[in-house]
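S.K.: For chain W, the structure is supplied; the task is to place chain Z on it using the hints.
Protein sequence lines, in the order shown, are assigned to chains W and Z. So in this note's numbering, the last spot in the first sequence is 346, and the numbers never skip. So in this note's numbering, the last spot in the second sequence is 689, and the numbers never skip.
The hints are simulated quantities; they were obtained by calculation from the structure and are not laboratory data. Hints may be right or wrong, so weigh each one.
Derived CB-CB ranges, DEER-like [said to hold, decoys possible]: (1) 508/Z with 128/W: 41 to 47 Å; (2) 617/Z with 25/W: 57 to 63 Å; (3) 24/W with 394/Z: 41 to 47 Å.
For the chain W half of the interface with chain Z, some residues (derived, Cβ under 7 Å), not all of them [as the list claims (entries may be wrong)]: (4) 23; (5) 87; (6) 90; (7) 94; (8) 96; (9) 100; (10) 104; (11) 224; (12) 225; (13) 230; (14) 255.
Below are the SDA-like pairs computed for lysine to any residue, each with C-alpha atoms no more than 25 Å apart in a straight line [stated by the list, open to error]: (15) 368/Z with 293/W; (16) 361/Z with 469/Z; (17) 634/Z with 104/W; (18) 361/Z with 673/Z; (19) 688/Z with 652/Z; (20) 634/Z with 569/Z; (21) 290/W with 427/Z; (22) 390/Z with 659/Z; (23) 290/W with 326/W; (24) 295/W with 469/Z; (25) 361/Z with 87/W; (26) 15/W with 371/Z; (27) 568/Z with 80/W; (28) 361/Z with 24/W; (29) 15/W with 84/W; (30) 641/Z with 105/W; (31) 368/Z with 16/W; (32) 361/Z with 135/W.
Beta carbons: idealized from backbone N, C-alpha and C, even for Gly.
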Amino acid sequence: MITIASEDHRLHAPKGELSFGEFVPPFENPRRVDSILARIAETRLGPVLPPERFGPELIRRVHNAPLLNFLETAWSQWTARFGAAAPEALPLSWPVEGMRRIEPEGITGKFAFFALDGSTAITPTSWAAARSAVDVALTAQKRVAGGERAAFALCRPPGHHATPDNYGGYCFINNAAVAAEAFRRGGATRVAVLDVDYHHGNGTQAIFYRRPDVFFASLHAAPEQDYPYFSGYADEAGEGPGAGFNANYPLRQGTRWDAYGAALDHAIRRIEGHGPDALVISLGVDTFEKDPISKLKLRSEDYIRIGEAIARLKRPTLFVMEGGYAIEELGLNTVNLLQGFEARAG
Amino acid sequence: MKTIFTEDHRLQDGKAELIEGKLMPCFEMPRRAEILIARVRDQKLGEVLAPERFGTDPILRVHKPEFVRFLETAWDEWVRQHGNYDGLPLNWMAPGMRRILPETIDGKLSYFSFDAGTPITAGTWRAAVAATEVAMTGMKLVKGGERSAFALCRPPGHHAGSDFYGGYCFFNNAAIAAQGFRDGGAARVAVLDVDYHHGNGTQEIFYKRDDILTISIHADPKQEFPFFLGHADERGEGRGEGYHLNLPLRWGSGWAEYGPAMDTAMRRLTEFAPDAIVVSLGVDTFEKDPISKFKLKHEDYLRIGETIAAAGKPTLFVMEGGYAVEELGINAVNVLQGFEAKA
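Just chain W, same shape as in the assembly:
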C-alpha cells in the first residue's frame, strides 16, 4: 500500500496542551509520525511518497469561511495583541447555552468563538502544517480515485474533531471530510466514512449530518464518559435529508475486542447497505489498551482484524490518520490495521 506523508507536519509542534487542569507536553506530537513511518519501513508496507499541493477549494466545501479566515490569521492577530514573544495561542472562555454566536472583534474573543477546547494550541506555523495534512489526504485520495485499491494518508495534525465552524481536539481542518468531498466531486455518488478513532468524530458527523450522500459511522468511547462529551450518542442518526445516514456506536470505557468486534460488524453491514463507491477510514488507534489518554482495551492483534473487516467491504479505500498516542506501539498498531486490510483485499 502506498503511503503519502509530508515532513511539514513538524510545523505543528506546540510545547503544551491544557490537559485535565495542567499544562503537559502535547500527546499529539511529531514523534507519532516517526513511529508510524519506522514501522512502514520495517514491514515494507509500500512506498512513501510526498504530497502534491492542492488549493483551498475542497476545504471551503466542508468548512465555513469565518473559521478558515480565523485559522489562517490567528497567529498574526494573536501576536498583534500580545506581542511577538506571546505564548502559543489558546482560548480563555467559550459560549454556554443561551449565549449568542456573534463573532467577537478581538482575538481572545475569536479564540473563544472558534475553539472547541483548550488542548489545541496554535503556533506560528500550525496553519501551514494543517494545510500540508490536507495535501496528504487529497494526494492519497487521488491515488484511490485513480484506481488504487487503497492508500494511506499519514495526516498530522489529525482532523476528525474539526467541524464546519470550530477547531479543537488537536484538529484544524477535517482531512477525512475533505477527502470524502473529493471523492464526491470526482464522481462517486455515495461515499462512506468509517471512524475507528477512540474519540467520537464529532466534526465529520457535523459536516455530513444533513447529507444522504456521505454515510458516517463512528465507533468511539461513550460521550457520557469521554471527550468530546457532547456528541456521539447512539440516537444521533442524521437530520433532514441526512436522516438515517449517521450511525454512532458508543462503547463504554473498558470495552475489549468482543464488544468492539460486534459493533464493528454492525457498522460494516450498515455501510454495505449504503453501497458506497468509495470508503474513507478515519484511522485512530487510541483504542489501544496502553493508550495514555484513552480507556478502551484493544490489543495489537485486534487491529489486524479491524483491517480485515474493512477489506470485506471490497471498496476503494482511503485510510486517513487520526489519533493514537501510545508512541511505542503506534506504528505497530496502525500498520497492523493496514496489513490486515491488505491480506484480505487481495
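M.R.: Relative to chain W, chain Z alone:
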C-alpha cells in the same frame, strides 16, 4: 454603612487560570478581600459583621439543584480521578452538540463551566457558600431597615448562571440576594451591575422575569469577556421583555462615556420604582486595572455612589470584580462613601 465579611473567602485560593495562552497566577486572589476590608476599616466606614448561616436554601432559589450538587461534589470527584490539584475544564459544547450531563468529572466540568479561568479547589464549595451567606446577611440588614449595606463577597458571583460557573464566579451572590429581597416581601427589585464585565449570569437568571429589573454597564462583548452575551439588543424575554437593559461601552471609555450610561441606567431604574436595589459592585473599570480597558479614575467612583444614592432606595452593595489590587480598596470604598454622602 455596615460591611459583612468572613475570612472563609480564603478557602478559594486557586493557583492558576488560563489567560492569554498561559496558566498564570489567579487575578481573583484572597489579597483582593484583604485590601478591601483594610480600606473599610481604615476609612471607618462602619461596623464589620460576620455573616449568618443560611445553608443552601437561598442558593437553590436561583441555581438548579444538579448544578449545586455538582459544585458540592466536584472537588472530591476531581481528586479521585486526577489527584490533589486544582480542577480546570478541558473542552466545551460546540454548536450542534448536545447538553446531556456526562458521568465523568471532566465531562461535568465541561458541562457546567464556561471558561478555564475558574479553578475548582479544595475550598471552593465552602468559600462559594460563605459568599452567598455574606450577601444574604447584607440583604437581611437592608430589609430590616438599614439604608444600605456592603456585602464583601469573594469569590464574586455575577458571571454564574442558573447552571453554569465561570469568570471567577460559582454562585451568583447578587442574584441570590435579589431573590432574597423578593422572598422577604419586596415586590420589585433592581440589580445594577457596574462591573467592567457583563453580568451574564444575572441576566440569564432573571431574563424572563418582570419583577427583577437587571441593568448592566460593561465592556462591549464584541471586544471583551464574556464575549457572547451583553449586547444592547438583549432586552429580556416573555414577561421579562423590557426588564433587562445592557449598556455596552467600547474599550477606552472614561467618565465622559460612563457617566451618561449611568444616567440612562438610573432613569430606567427609577422608572421601575424598585423596593430595593442590589448593586453588583465591580471596580475593574479603573484605568489601571490589569485585565480591563476602561479609564475610570478614583474620583469617578464617588460619582457612581452618589448617582446610586439619588434613587433613594434601600441598597445592597455586593462585591464583584476589580483587580488593580492596591487601588481596589480606594475605588470600592469611594463608591460606598459617595453613596453615603448623598444618602
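S.K.: Decide, hint by hint, whether the structure agrees.
M.R.: Each hint tested on the structure:
Between residue 508/Z and residue 128/W the beta carbon distance is about 44 Å. The supplied range of 41 to 47 Å therefore holds. In this structure the supplied range 57 to 63 Å holds for residue 617/Z paired with residue 25/W, their Cβ-Cβ distance being about 58 Å. Checked against the hint of 41 to 47 Å, the pair residue 24/W and residue 394/Z passes, with Cβ atoms roughly 44 Å apart. Nearest Cβ of chain Z to the Cβ of residue 23/W: about 6 Å, under the 7 Å cut. The hint holds.
Interface restraint check for residue 87/W: the shortest CB-CB distance to chain Z comes to about 4 Å, inside 7 Å, so the restraint holds. Of the supplied interface hints, the one on residue 90/W holds, with its beta-carbon coming within about 5 Å of a beta-carbon of chain Z, less than 7 Å. The interface hint given for residue 94/W holds, since its Cβ lies 4 Å from the closest Cβ of chain Z, which is under the 7 Å cut-off. Given hint, residue 96/W at the interface with chain Z, holds; its Cβ is 4 Å from that chain's nearest Cβ, closer than 7 Å.
A least Cβ separation of about 5 Å between residue 100/W and chain Z falls short of the 7 Å threshold, and the interface hint therefore holds. Proximity of residue 104/W to chain Z holds as hinted, the smallest CB-CB distance being about 5 Å (cut-off 7 Å). Of the supplied interface hints, the one on residue 224/W holds, with its beta-carbon coming within about 5 Å of a beta-carbon of chain Z, less than 7 Å. For residue 225/W, the suggested interface contact is upheld, since its CB lies about 5 Å from the closest CB of chain Z, less than 7 Å.
Interface restraint check: residue 230/W against chain Z, minimum CB-CB distance 4 Å, threshold 7 Å, status holds. With a least beta-carbon distance of about 15 Å to chain Z, the hint placing residue 255/W at the interface is violated under the 7 Å criterion. A hinted pair counts as satisfied when its Cα atoms are at most 25 Å apart, and residue 368/Z with residue 293/W qualifies at roughly 22 Å. For the proposed pair residue 361/Z and residue 469/Z, the alpha carbon gap of about 12 Å is at most 25 Å, so the pair holds.
Note on residue 634/Z and residue 104/W: the hinted pairing holds, with a Cα-Cα distance of about 24 Å set against a maximum of 25 Å. Between residue 361/Z and residue 673/Z the CA atoms are separated by roughly 23 Å; this keeps the pair inside 25 Å, and the hint holds. A hinted pair counts as satisfied when its Cα atoms are at most 25 Å apart, and residue 688/Z with residue 652/Z qualifies at roughly 6 Å. At most 25 Å may separate the alpha-carbon atoms for a hinted pair to count; residue 634/Z and residue 569/Z meet this at roughly 18 Å.
Restraint check: the Cα-Cα separation between residue 290/W and residue 427/Z comes to about 18 Å, which is no more than 25 Å; the hinted pair holds. This hinted pair checks out: residue 390/Z and residue 659/Z have alpha carbons roughly 23 Å apart, not beyond 25 Å. A C-alpha spacing of about 6 Å is found between residue 290/W and residue 326/W, which places the hinted pair at or below 25 Å, so the restraint holds. Between residue 295/W and residue 469/Z the alpha-carbon distance is near 30 Å, which puts this suggested pair outside the 25 Å criterion.
A C-alpha spacing of about 19 Å is found between residue 361/Z and residue 87/W, which places the hinted pair at or below 25 Å, so the restraint holds. About 19 Å separates the Cα atoms of residue 15/W and residue 371/Z, which keeps this hinted pair within 25 Å; it holds. Of the supplied pair hints, the one linking residue 568/Z and residue 80/W holds, its CA atoms being roughly 18 Å apart against a limit of 25 Å. Distance hint between residue 361/Z and residue 24/W is fulfilled; the C-alpha atoms sit about 16 Å from each other, no more than 25 Å.
Proximity of residue 15/W to residue 84/W is assessed by CA-CA distance (about 16 Å); at most 25 Å being required, the pair is judged to hold. Distance check on the hinted pair: residue 641/Z and residue 105/W sit about 20 Å apart at the alpha-carbon level, within 25 Å; holds. Distance hint between residue 368/Z and residue 16/W is fulfilled; the C-alpha atoms sit about 10 Å from each other, no more than 25 Å. Only pairs whose Cα atoms come within 25 Å are accepted, and residue 361/Z paired with residue 135/W is rejected, the gap being roughly 42 Å.
In summary, the numbered hints that this structure violates are 14, 24 and 32.
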